[in-house]
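Q: Use the sequences and the hints to build the structure in full.
Residue numbers (the working numbering), protein chains in the order written: chain A, 3 to 419; chain B, 54 to 390.
None of these hints come from the bench; they were simulated from the model.
Just to be clear, a hint being listed does not mean it is correct.
What follows is a list of derived Cβ distance ranges for each label pair [as the list claims (entries may be wrong)]:
1. B:350 to A:389: 28 to 38 angstroms
2. A:145 to B:125: 29 to 39 angstroms
3. B:243 to A:107: 48 to 58 angstroms
4. B:108 to A:80: 26 to 36 angstroms
In silico lysine to aspartate or glutamate, DMTMM-like type, Cα no more than 20 angstroms apart, as pairs [to be verified]:
5. A:49 to A:201
6. B:135 to B:113
7. A:299 to B:87
8. B:225 to B:116
9. B:135 to B:110
10. B:259 to A:216
11. A:299 to B:110
12. B:369 to A:302
13. A:49 to B:87
14. B:84 to A:216
15. B:259 to A:20
16. B:225 to B:214
17. A:18 to B:288
18. A:127 to A:216
19. A:57 to A:227
We treat Cβ as the ideally placed atom computed from N, Cα and C, and that holds for glycine.
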Amino acid sequence: MKVIMREVLLYYRSHKVENIVFVCQITVFFILMGTFFAFTGEAHYGKSNIERTYKDKAIYQLIDGYYDPDAFTAFRSEPNALNILKNYYHALMNAESFQYLAMFDQSITINDVNGAADSDGGQLKEAEAFQMNEQACQYFELNVIEGRAFQQGDFDDNGNVMPVLMGSSYMNAFEVGDRLPATYYQREVELEIIGFLRENTMIYYNGNYEFYLDQYIILPYIHYDAPQTESDESFQEIVYFAMINGYISISSGDAHTQDMMAEMEAIAEKTGFYNYVFIGSNPNLQQYRGLINILNKNYDLILSLLILSFLVNMVTLGVQAYMMQQRRLRMMAIHYLNGATLQSLMKQIVMEVLLVIGLAAFLGWNVLVRLKISNIVILLIFLMIAVTFMIGISLISICKLKNAELMLTLNQEDDLQ
Amino acid sequence: MRATRRSVVFYFLINIVLYILLTGFLLYFEKQTEYDLLSNQLYYDNILLIYNGGNIDWADAGDSEEYRVYVEVSQNCRALIKDTSKWTPPMLTGYYPGEETGAAAVIGQNVEKSIYPAVNGVQWIRLIGQEFRVTGVVGAEYATSCDDLILLFGARFEESDLDHMIYIVDVKTQTGAQKIARSLTAGYPEIQIQPGAIRGTARLTKSSYFYRLLMIELLFITVFSVYISGRFRHEKYDMNYKVYQICGLPLIFILIRAELEVLVINSISLSVVSGAGYFGGLLTRSQLENVMRISIGITTLSAILEAGFFGHQLRKLNACDRRLRRCGAKKIRSERL
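A: Laid out in structure tokens, this is it:
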């Protein structure tokens, strides 16, 4: 083994430049493949995300009909207004024929002591916030890159502490576990950061099927217990009024729409909240189809470029590896002549290939980690390519060695003796 | 000689493979840009939203960057007021007015269905109290995000209206957008500039970032491939060079011969790939020109490397001569003949 290692090192020393360039080339090949897989992954994520959210779905916007301030005040002055709102909201949440997604972009004021949220200075800042109920979070499958997503308990009333998710643009400004004093519908609360959303997380909001949450602080819609004070009651009324303005998602088709409408009427009847209106209904989501078309085509395009790039680079690298080994055969035959066994020569070939490809794969992986585009799938693909490459080159070289003219002549001479 | 011929075949093969890869990337880039535009309402990745910009004199805003300035009429409608680029969007039918004067419009497929029928072959659309002649339909054969879009040209606005409208500056590069934002803020302190939201494939797939990364990696892989294949081709000729030198051929002749071979192999590889691409309907004339430009780069690099390998070989031979002389050899190489 020692002799083999010495031989390998001698070979590398005598062909420094070629070997360094070859290692660099394979390293770049690995990086290129890693980049492609990451790119394909992003394209696939975007495509599947949109498809999952919008395919064969119809989304209707549901609002309360209290546009007139007098009517609104009159409703709020009713003794059981809050109960009606709560019952109506819970009935929407428990509906069988549709999913109710309560969402609203009510901004909040945060007391940013460190000035991390904005570079303008000053402590009180108006921040873009987005409120969502549990069903909406589940429907859009909010993924986090750090921390954790919302859990069922986060939607319960935990006093003044409110768990929040931050959009990806806040990644460098805050950390998971940070607490921020804030004002939410004129109530002092403490926002506890539980996680950061994945970059380009998007949802359907206000007719926009590509509403990105990168700049937003995501607050859960809390299910409040019975109010203790009058100010509590007033606060809860405002929050529940916001919560009953949201979106209804059903499967596409007239039958589903009729079922949904019938259930809405039943809910109104049961809870006593009749003043609801559907606006901006978007049952066909035309624009979504435009985007998904392009995303599909884009995905196919990237995939075909990945396949082309992989095949073409394999040809280039294969030809070059073959030429490099071809040159070595004469030297190997001389070793054979000097008494080296075929097995030790084969080991030497395998060792050479292993070192070059192993080093290239290691360097390539490190670059991908630094570029922040590495993941476990890419690592597995890396290993697969590296092993295939190693086996391929080694087998070809060994076959070549066995069938080399000089080796055959030497074997014949041995047989004659 | 057999080995030499085989090495030329390998060199030729690697060149073909490299040209295929580079042409593939070129085609990909054009397609990706088209998808990014179609899914982002025909905007590039760098949009500036300018509020309170009624006083901006766009004629003085400078033409050094490639950009377009629009006034936002509604979510799906905007009016072009300045264009310093020679940009045309993907057109389904008709043409993009560009420099043409007069009130004109290009529309998305869905809008086409809702406007009134053509009179004497000309379609008109009425917006912001003005009539616009429809010159074409933007988009693609399939449904896209810009099917509801309306782009107006030569629209007239009251000065009082412009005070409340949002200006949208669409810039090709990020540095260009920063430069424009800086110059506008310096000239008009009252304006507020916000970066516009990017949508579609450019955002969802991070195409710009990945494309830049892939291009850099491709550049490296091309340089390494050219180096290694050039080196092997050169090595195969090692003995031939020695024979030529012994025969007394001038060095410059040997070098020119090697360079000519590089040129011929590159030209043949290029002709094969670009010919197949062009006549197979994959490449347009402008894309073909780009492939030519790339091939000039590769050929130049190969030629420089060849000269480098040759120089290296010469140094080795001279060092060998010196060693022989030191050992007392009176006649070396050609002298021996």
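Q: Look at each hint and say if it fits the structure.
A: Hint by hint, here is what the structure shows:
| no. | hint | verdict |
| --- | --- | --- |
| 1 | B:350 to A:389: 28 to 38 angstroms | 35 angstroms, holds |
| 2 | A:145 to B:125: 29 to 39 angstroms | 33 angstroms, holds |
| 3 | B:243 to A:107: 48 to 58 angstroms | 28 angstroms, violated |
| 4 | B:108 to A:80: 26 to 36 angstroms | 52 angstroms, violated |
| 5 | A:49 to A:201 | 15 angstroms, holds |
| 6 | B:135 to B:113 | 11 angstroms, holds |
| 7 | A:299 to B:87 | 11 angstroms, holds |
| 8 | B:225 to B:116 | 13 angstroms, holds |
| 9 | B:135 to B:110 | 11 angstroms, holds |
| 10 | B:259 to A:216 | 14 angstroms, holds |
| 11 | A:299 to B:110 | 41 angstroms, violated |
| 12 | B:369 to A:302 | 51 angstroms, violated |
| 13 | A:49 to B:87 | 17 angstroms, holds |
| 14 | B:84 to A:216 | 27 angstroms, violated |
| 15 | B:259 to A:20 | 35 angstroms, violated |
| 16 | B:225 to B:214 | 28 angstroms, violated |
| 17 | A:18 to B:288 | 15 angstroms, holds |
| 18 | A:127 to A:216 | 18 angstroms, holds |
| 19 | A:57 to A:227 | 37 angstroms, violated |
Hint compliance for this structure: hints 3, 4, 11, 12, 14, 15, 16 and 19 are broken, all remaining hints hold.
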